Amino acid sequence: MMKSIKGKILAGFAVVLIILLVMAINSYRTIYSFSNDFKDISSNDIAFLESSNSMKFSVVNRAKIARDYVLFNREEFKVKFLEETDKAIETDKALQEAISTGRFTSEVKSAFKDAQEKTVRWRVLVTEEIIPLYDRGDRDGAIRLMEERCLLYSQEAIDAWVNVVELQNSQMKDKTLELQSSALQAEVVILVTSVLAIVAAIAVALYNANNISKAISLVVERLEAIAKGDLRGNMPETVSKDEMGRLIRSTNTMTTNLKALMTKVSETTNQLAASSEQFASSAEHSSASTEQVTMSIQEIAAGAETASQSARESLRAMNDVSIGMQEIAETSAGAANESQNTTKQAIEGHTSIQKAVNQMEAIKNSVGTTSKLVTNLEVRSKEIGQIVEVITSIADQTNLLALNAAIEAARAGEHGKGFAVVAEEVRKLAEQSKLSADSITQLILQIQNDTMIAVESMDQGTKEVENGTDVIAEAGETFESILESIRLVSEKIEEVFTSAGQMAASSQQVNTTIHSLTEIAQNTSSNSQNVASASEEQLATTQEITASATSLSVLAEELREEISKFKF
Numbered sequence: 001m002m003k004s005i006k007g008k009i010l011a012g013f014a015v016v017l018i019i020l021l022v023m024a025i026n027s028y029r030t031i032y033s034f035s036n037d038f039k040d041i042s043s044n045d046i047a048f049l050e051s052s053n054s055m056k057f058s059v060v061n062r063a064k065i066a067r068d069y070v071l072f073n074r075e076e077f078k079v080k081f082l083e084e085t086d087k088a089i090e091t092d093k094a095l096q097e098a099i100s101t102g103r104f105t106s107e108v109k110s111a112f113k114d115a116q117e118k119t120v121r122w123r124v125l126v127t128e129e130i131i132p133l134y135d136r137g138d139r140d141g142a143i144r145l146m147e148e149r150c151l152l153y154s155q156e157a158i159d160a161w162v163n164v165v166e167l168q169n170s171q172m173k174d175k176t177l178e179l180q181s182s183a184l185q186a187e188v189v190i191l192v193t194s195v196l197a198i199v200a201a202i203a204v205a206l207y208n209a210n211n212i213s214k215a216i217s218l219v220v221e222r223l224e225a226i227a228k229g230d231l232r233g234n235m236p237e238t239v240s241k242d243e244m245g246r247l248i249r250s251t252n253t254m255t256t257n258l259k260a261l262m263t264k265v266s267e268t269t270n271q272l273a274a275s276s277e278q279f280a281s282s283a284e285h286s287s288a289s290t291e292q293v294t295m296s297i298q299e300i301a302a303g304a305e306t307a308s309q310s311a312r313e314s315l316r317a318m319n320d321v322s323i324g325m326q327e328i329a330e331t332s333a334g335a336a337n338e339s340q341n342t343t344k345q346a347i348e349g350h351t352s353i354q355k356a357v358n359q360m361e362a363i364k365n366s367v368g369t370t371s372k373l374v375t376n377l378e379v380r381s382k383e384i385g386q387i388v389e390v391i392t393s394i395a396d397q398t399n400l401l402a403l404n405a406a407i408e409a410a411r412a413g414e415h416g417k418g419f420a421v422v423a424e425e426v427r428k429l430a431e432q433s434k435l436s437a438d439s440i441t442q443l444i445l446q447i448q449n450d451t452m453i454a455v456e457s458m459d460q461g462t463k464e465v466e467n468g469t470d471v472i473a474e475a476g477e478t479f480e481s482i483l484e485s486i487r488l489v490s491e492k493i494e495e496v497f498t499s500a501g502q503m504a505a506s507s508q509q510v511n512t513t514i515h516s517l518t519e520i521a522q523n524t525s526s527n528s529q530n531v532a533s534a535s536e537e538q539l540a541t542t543q544e545i546t547a548s549a550t551s552l553s554v555l556a557e558e559l560r561e562e563i564s565k566f567k568f
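Using the working numbering, the letters of the sequence shown correspond one by one to residues 1 to 568.
Each hint should be verified, as a subset may be incorrect.
Unchecked claim - Capping the alpha-carbon separation at 30 angstroms, the derived lysine-lysine pairs in DSSO-like fashion look like this: (1) K80 / K93; (2) K382 / K355; (3) K173 / K463; (4) K372 / K259; (5) K417 / K463; (6) K264 / K173; (7) K428 / K463; (8) K214 / K173; (9) K118 / K87.
None of these hints come from the bench; they were simulated from the model. From a predicted model like this one, the values you see are computed outputs, not experimental measurements.
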């Protein structure tokens, strides 16, 4: 099974190319067979027919010359007879060679042998009996042989050659019908294979275009939703092993990771907000206690016991504050770690988007390669068109040959009628061949038009791939924005972590101060001025803690607002 878009596209067009190759091979074999049959008819059958007619007319002509020689006793008739006989012997040899090498039926071969034997019998009678008898002075005996046997033998020879011509005409007519049937079959085969090639090309183009367009549309819609902050849901799972299937699965994985990340950040933000509120409450309580300590110091003259009690209450409050600050520090540390994980996963998501952009570029290159293959298919169609032009030229030449043969048959008169029929059949065959060639030319033009449509479809697919690349690039920019927002949140969390550390240190300082205040309150009222000073420092520290708690609440609210932009 093909696991890449490039492999699927190439496999689909390989099927189309194989069909076209089969069509081209079949067309070539058909054309080659037609050419051989035309050559056989024009060079062998027609030549044999002409020579057979020539032998028939030779017998007629020589019989007349022999009769004139016997009747008029003129030497030039004898010389002419012998010359014509020599020519007839040469023609007979040519016919004998043609009958032994050509494709002739057994009936034609048998008729030729019979005509040859009867012609030889008549020629031997004239050259070895009648002429020698006449030369010896027995004119009456020569005339008697002429009337009794020579006329009969010559007529039998003529009839035998007429039979050869008729059988050859019948054979040529059968071959013509076979050629017509073969031409019709070839036309049907070419038509069927052409339709199959067109249907296969359209099916492959639609299949690949639909698969690519559907997958890209799903990814684009999902990335647009992510860019708007909607992380709810995933694209349907696919079993495809190609690049588009991997892109869909990677996008689903990225969405799931982002959803988990934002959920964790939201939980951390809520914890941070709760801790901030608790911290602010503790800070307010500490501030109230500090004010109470200050009032107690101012009234220390009224009683050290009251101041000592207030100091102990402040100590307990600061212990609570210290515990709260430790929890805030731990929460801040956890938030910092989650922020780092978020940054890492966002970087991985950005890398996946970049891989998707590279894959879309590879798809674009594959579609370009397919377009070149279809262009090569158009070139092969033009080459087939040139072959059809050659067939048309052969048909025109055959038509001209048939016209010349018809003219010769007309000159031959009554004896050329059979030859004229054959010439007319050859002319019809040539016209039908030309019409078939024209039909093939129209089919090839249709294939070229369909090839141009396929090239335009490939161009449209390239544009859609470019649009998908642009959308994925925009999603990459959105991921960069998300990464920047997470970086800012991480910095804020670091600031919170630092502030929490400072506040913890301040809490320790307050505890120390309260311990000192307790000791001062228990020991002596003479140190009330020092205690008052320490109380003022405590009040300032508490104010700093309150300010830090307020800042932490603001940061938590800002982080919550950023997270609220996402739906998950």
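Here's how the hints hold up against the structure:
The straight-line distance between the Cα atoms of K80 and K93 is roughly 20 angstroms, inside the 30 angstroms bound, and the hint therefore holds. Between K382 and K355 the alpha-carbon distance is near 41 angstroms, which puts this suggested pair outside the 30 angstroms criterion. Pair hint K173 plus K463 does not hold up; C-alpha atoms about 60 angstroms apart against a cutoff of 30 angstroms. Between K372 and K259, the direct Cα distance comes to roughly 44 angstroms. Violation of the 30 angstroms bound is thereby established for this hinted pair.
Between the alpha carbons of K417 and K463 the distance comes to roughly 69 angstroms, so the proposed pair goes past 30 angstroms and is violated. For the hint pairing K264 with K173, the CA-to-CA distance comes to about 93 angstroms; that exceeds 30 angstroms, so the pair is violated. For the given pair, K428 sits about 53 angstroms from K463 by alpha-carbon distance, which is inconsistent with the 30 angstroms threshold. Under the criterion of a C-alpha separation no larger than 30 angstroms, the hint pairing K214 with K173 is inconsistent with the structure, at around 61 angstroms.
Between K118 and K87 the CA atoms are separated by roughly 17 angstroms; this keeps the pair inside 30 angstroms, and the hint holds.
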